[in-house]
Amino acid sequence: MRSWPRTDEVRLRPSPGRSLAIVGFAVLLAACAGHVTPVKDAAVLKELGFLHPGATSREEVRTRLGSPVRSYEDGRIVSYAVYRTADGRLSVSASSAAIAAGELSGGERYTLILVFTPDGILDRQSLVGKHE
Amino acid sequence: MASFLLGAVQLAGCVVLPVPTPATGSEIVSDAAIGAIEPGASARADVLLALGDPSESEDSDHFFAYDWKVSHGAIVWAWGLAPNVGGAGGHRLWAYRCFAVEFGSDGTVVRTEYLHVDSSDANSCLATWRKRGDQPDDRPQ
Chain A
62 MRSWPRTDEV RLRPSPGRSL AIVGFAVLLA ACAGHVTPVK DAAVLKELGF LHPGATSREE
122 VRTRLGSPVR SYEDGRIVSY AVYRTADGRL SVSASSAAIA AGELSGGERY TLILVFTPDG
182 ILDRQSLVGK HE
Chain B
116 MASFLLGAVQ LAGCVVLPVP TPATGSEIVS DAAIGAIEPG ASARADVLLA LGDPSESEDS
176 DHFFAYDWKV SHGAIVWAWG LAPNVGGAGG HRLWAYRCFA VEFGSDGTVV RTEYLHVDSS
236 DANSCLATWR KRGDQPDDRP Q
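Respectively, the protein sequence lines represent chains A and B.
Every letter in the first sequence is one number past the one before it in my numbering, and letter 48, counting from 1, is 109.
Every letter in the second sequence is one number past the one before it in my numbering, and letter 120, counting from 1, is 235.
Just chain A, same shape as in the assembly (with noise of 0.2 Å):
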């Protein structure tokens, strides 16, 4: 079997072949899509618990989740950037310090839509991903 030397691309090649099979095989390991959709998980949607349609207020989204990232039509639809922590728990804080410490698992992050009725009562919600 040929040993081959070092190039840029490849570092151990004991044949072309071979070496062919390792590169797809590691361009094909490296496929995985992630679309965004709307998260349906329980167990995540679970960490909203407090977000009530028809109950929760404007006010008391503000006083858990703070200023929004965005806001559209006036205030009437609002989005968070949420992340999830490594215990698994969401969070809408990203502080660089958490990223140091390792407490965000891979910046997972998803986009958390509010939509209120014009009285600022929530009216419909969505926790948006990217999902494989």
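Bear in mind the hints are in silico, worked out from the structure with no lab data behind them.
Please read all numbers here as calculations on a predicted model, not as lab measurements.
One should not assume that every hint holds.
[Said to hold, decoys possible] In silico DMTMM-like pairs for lysine to aspartate or glutamate, Cα to Cα no more than 25 Å straight-line:
(1) A:LYS191 to B:GLU153
(2) B:LYS184 to B:GLU228
(3) A:LYS191 to B:ASP168
(4) A:LYS191 to A:GLU108
Given chain A, put chain B in place with the hints provided.
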């Protein structure tokens, strides 16, 4: 003549293979999501609840765009000139896509478009949309 021979030897020891792969990418807006947004029926809230914040917005949120990149394959290669001289590598092939939405003054979706964009225009979907006018691209494969 020498260079011709050298080239022939190089070609003889070179393998290039296109490798189709399962789709990969991130924040891809699926066909199903695009199909669920109906001009004349869906509202801005429906779009946001389904897709989250847009990558781009213009004109006081009258236009939204969601950008992503996707790959359906790669090129892998291996070459060899002589014993102990050779290499192998791979390169994923990316395509840039976006989904653009226009809203009416009442917040209802007026029209939508699925666009193929060049890598140089990857973050300017709305500008590409304006530039192309009414020339829609095919839906995702």
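Going down the list of hints, with the structure as the test:
no.	hint	result
1	A:LYS191 to B:GLU153	holds, 22 Å
2	B:LYS184 to B:GLU228	holds, 16 Å
3	A:LYS191 to B:ASP168	holds, 13 Å
4	A:LYS191 to A:GLU108	holds, 18 Å
In summary, the structure agrees with every hint in the numbered list given earlier.
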